[in-house]
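Enquirer: Spelled out from the first residue to the last, the chains are:
Number of protein chains: 2
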Amino acid sequence: MRLILCTVAMLAGPAMAYEPLVQKQEFTLTDFVTRGGETIPEMRLGYETYGTLNEARDNAILIPHFFSGNSHAAGRYSADDLAPGYWDALIGSGKAIDTDKWFVVSVDSPVNLGANDPNVITTGPASINPATGEPWGMDFPIMTIGDFVETQKGLMDQLQIPKWHAVMGASMGGLQSFEWAARYPDRLERVIPVIASGWADAGLIAWLDVWAAPIRLDPNWNGGDYYDAEPPEAGLAQALKIVSLQANSAEWANATFGRSWAKPDADPGQSWDNDYMVVDRLNMAGATRARTSDANHFLYLVRANQQFVAGHPDGNLFQGLLDIDVPVMLIHTDEDLVFPGNAVRETGAIIKSDGTPVKIVELEGTNGHLDGLANLAQAEKQIKSFLEEE
Amino acid sequence: MRLILCTVAMLAGPAMAYEPLVQKQEFTLTDFVTRGGETIPEMRLGYETYGTLNEARDNAILIPHFFSGNSHAAGRYSADDLAPGYWDALIGSGKAIDTDKWFVVSVDSPVNLGANDPNVITTGPASINPATGEPWGMDFPIMTIGDFVETQKGLMDQLQIPKWHAVMGASMGGLQSFEWAARYPDRLERVIPVIASGWADAGLIAWLDVWAAPIRLDPNWNGGDYYDAEPPEAGLAQALKIVSLQANSAEWANATFGRSWAKPDADPGQSWDNDYMVVDRLNMAGATRARTSDANHFLYLVRANQQFVAGHPDGNLFQGLLDIDVPVMLIHTDEDLVFPGNAVRETGAIIKSDGTPVKIVELEGTNGHLDGLANLAQAEKQIKSFLEEE
Chain A
1 MRLILCTVAM LAGPAMAYEP LVQKQEFTLT DFVTRGGETI PEMRLGYETY
51 GTLNEARDNA ILIPHFFSGN SHAAGRYSAD DLAPGYWDAL IGSGKAIDTD
101 KWFVVSVDSP VNLGANDPNV ITTGPASINP ATGEPWGMDF PIMTIGDFVE
151 TQKGLMDQLQ IPKWHAVMGA SMGGLQSFEW AARYPDRLER VIPVIASGWA
201 DAGLIAWLDV WAAPIRLDPN WNGGDYYDAE PPEAGLAQAL KIVSLQANSA
251 EWANATFGRS WAKPDADPGQ SWDNDYMVVD RLNMAGATRA RTSDANHFLY
301 LVRANQQFVA GHPDGNLFQG LLDIDVPVML IHTDEDLVFP GNAVRETGAI
351 IKSDGTPVKI VELEGTNGHL DGLANLAQAE KQIKSFLEEE
Chain B
1 MRLILCTVAM LAGPAMAYEP LVQKQEFTLT DFVTRGGETI PEMRLGYETY
51 GTLNEARDNA ILIPHFFSGN SHAAGRYSAD DLAPGYWDAL IGSGKAIDTD
101 KWFVVSVDSP VNLGANDPNV ITTGPASINP ATGEPWGMDF PIMTIGDFVE
151 TQKGLMDQLQ IPKWHAVMGA SMGGLQSFEW AARYPDRLER VIPVIASGWA
201 DAGLIAWLDV WAAPIRLDPN WNGGDYYDAE PPEAGLAQAL KIVSLQANSA
251 EWANATFGRS WAKPDADPGQ SWDNDYMVVD RLNMAGATRA RTSDANHFLY
301 LVRANQQFVA GHPDGNLFQG LLDIDVPVML IHTDEDLVFP GNAVRETGAI
351 IKSDGTPVKI VELEGTNGHL DGLANLAQAE KQIKSFLEEE
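So the protein sequences, as listed, match chains A and B.
When we follow full-length UniProt numbering, the leftmost residue of the first sequence carries the number 1, and every step to the right adds one.
When we follow full-length UniProt numbering, the leftmost residue of the second sequence carries the number 1, and every step to the right adds one.
Be aware that one or more of the hints could be misleading.
No distinction is drawn between identical chains; accordingly, a pair holds when it is met within one copy or between any pair of copies.
Cut-off 25 Å, straight-line C-alpha distance, at most; resulting in silico cross-link-like pairs (SDA-like, lysine to any residue) [said to hold, decoys possible]:
{"#": "1", "residue 1": "K101", "residue 2": "Q246"}
{"#": "2", "residue 1": "K24", "residue 2": "G36"}
{"#": "3", "residue 1": "K384", "residue 2": "N222"}
{"#": "4", "residue 1": "K101", "residue 2": "D267"}
{"#": "5", "residue 1": "K263", "residue 2": "H312"}
{"#": "6", "residue 1": "K352", "residue 2": "G258"}
{"#": "7", "residue 1": "K263", "residue 2": "P130"}
{"#": "8", "residue 1": "K163", "residue 2": "S385"}
{"#": "9", "residue 1": "K352", "residue 2": "N254"}
{"#": "10", "residue 1": "K153", "residue 2": "Y227"}
{"#": "11", "residue 1": "K352", "residue 2": "N129"}
{"#": "12", "residue 1": "K263", "residue 2": "D139"}
{"#": "13", "residue 1": "K263", "residue 2": "R216"}
{"#": "14", "residue 1": "K384", "residue 2": "P130"}
{"#": "15", "residue 1": "K263", "residue 2": "P327"}
Note that these hints are calculated values from the structure, not bench results.
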């Protein structure tokens, strides 16, 4: 959401942006087979890199992104770009993820929310199905977080990177981090899942469905078949509004808007045309973000997250976490309404139970889940030294 | 929701139901003027009573209800009634609210959600506007919690009760309790707001709007004009689903459903026709409850709650709470996602700041907000002795 993005930008503070101008790059995987056994003939995805891959090819750090995010993690596309990438405060010369030392690879996910964002390259229901020449719609194969990781493995092979020095991501990016560590313990050195737990529990599954409900109710959604008509922008905007609210906190809403009306003379007690400022601003942010997003992609992201169990060990929630053998740093906040603190701590306890080293860093802040994006610079020293551990 | 109601009934345990069979009664107020200055020619509302009004008429306790509730607080309508009223564990002979001693009056609110429930008597947008002979729809005057209290004041006058011995209610019933104490400090002896705070903060205002959004997106809602067509049941069901989820807890969802699929062989990773059990059951509960509910009434309840500031002191959040001079017992739980613990404690601190006695009782439980309905018997002794204080 614009609101989230603005907040991130403001809270990120005055640190210099990652210096070289950033360019989106793309890679293609052919005949990509999903966990469900379906084939996507052409999987085109975007990525960005910051820093330089060394000769030993052993200084690469992978950053998968969060639910409503994309691969723009640092820097600016042009000198007059309004805001840098979402973790610019952490990624750059001399920063926690020091681009003088590390080569950072940040990748767009399949079914990325920003299907209509010119800075996103993704493949999903809004893409053309080569078999029909029409957009896939809901015929696009259902994706999993594991499938996202497989696309990143494809890029890793294309870039000839034998092993990630680290995989680090926030929220859905944290799920991908867990998945990498559980699935490919020999292809990474360490993992930093931020504001994320080791599986989607029933609470998260249900809330993700609440996020999706407005899209399905919008008559323009039409079972996902809207690519030659008006898209379900109203439903998508409401879906994005819920994400915005749940990813933040009551403390933020109170401090930012209080009980103010959207317009000073328009009492919500007098007319249905009037509303509260907090509602009005969340609606505006949702509507703005909906314009560059795709409703079906939102539904695919919801289902990918709902299915998540690290390492996909069918029938066993813990096996994937026990398979993690590289050092883990979990960063989270107890005020998180999306991935509650106890779920993160339980995840850590399971990973640690067979001797895997686990560090837990607690963030302070007033932005709930979003603190993991906006206020992560707090953990700068811990991240820096964790990356430098032998 | 059925799900909530079942849970309440199960958790309420084996205590004997309030004994005499209960009958819904009704009262009418004519030319009721709302806070917004509009007139409702005929305000018909239901109520129930438990116990007997004494000769001194000084043993009456008022119980306003929660958002999705009604005046059925105790007892059964018939011998084969499946479940008693929602606080039956607390109301009855020898119970916390001892009907051998107290006369309990429980009142249906205006714009009650259960407009199509045969056991609810209410007046709202689904009622006939005498001026047109048609349902009011969204032309019904916007209501406030203060207006709800005024209807109860009307009943109080009709029953010739000079003073309530206590006013006690949960959630929206707690808001009405605060409102009574702030508005009519001379007409009650004490107040017990349960799982409620002294004003709707920006967080609550925004979440209430999230609850309402699915209704507005349902094309059958049609701007509130659906009384001669298909009602927006799908949107209303989704709205009720969100209430169900937010009123409970992740702990409950995990313990009850975990990551189970709705049907054992129907993997949500394989088809959009499949879903998780937690989603399926919440959908079913929402759909069942929607059948006896009215979508416009839901929207009016949302707006009434959003507007709430105890005592309605325009421009001053605290004055109404400072106007409370009767002893207060606040009962709440920190795990509440609707009225967070810190908002309740802050409310208590403000009331107490000018010397008004405030007791705070913390509930234990795993059902979040719902613990204030389902697990209130924990506070039995405290409630009993608070009611008996001179």
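Enquirer: Hint by hint, say whether it matches the structure.
Expert: Right, here's what the structure says about each hint:
no., hint, in the structure
1, K101 / Q246, "neither (36 Å within a copy, 46 Å between copies)"
2, K24 / G36, "neither (30 Å within a copy, 55 Å between copies)"
3, K384 / N222, "neither (48 Å within a copy, 56 Å between copies)"
4, K101 / D267, "neither (56 Å within a copy, 44 Å between copies)"
5, K263 / H312, "between (50 Å within a copy, 19 Å between copies)"
6, K352 / G258, "between (42 Å within a copy, 23 Å between copies)"
7, K263 / P130, "neither (49 Å within a copy, 33 Å between copies)"
8, K163 / S385, "within (19 Å within a copy, 67 Å between copies)"
9, K352 / N254, "between (38 Å within a copy, 22 Å between copies)"
10, K153 / Y227, "neither (31 Å within a copy, 56 Å between copies)"
11, K352 / N129, "neither (44 Å within a copy, 66 Å between copies)"
12, K263 / D139, "between (44 Å within a copy, 22 Å between copies)"
13, K263 / R216, "between (31 Å within a copy, 21 Å between copies)"
14, K384 / P130, "neither (45 Å within a copy, 72 Å between copies)"
15, K263 / P327, "neither (52 Å within a copy, 38 Å between copies)"
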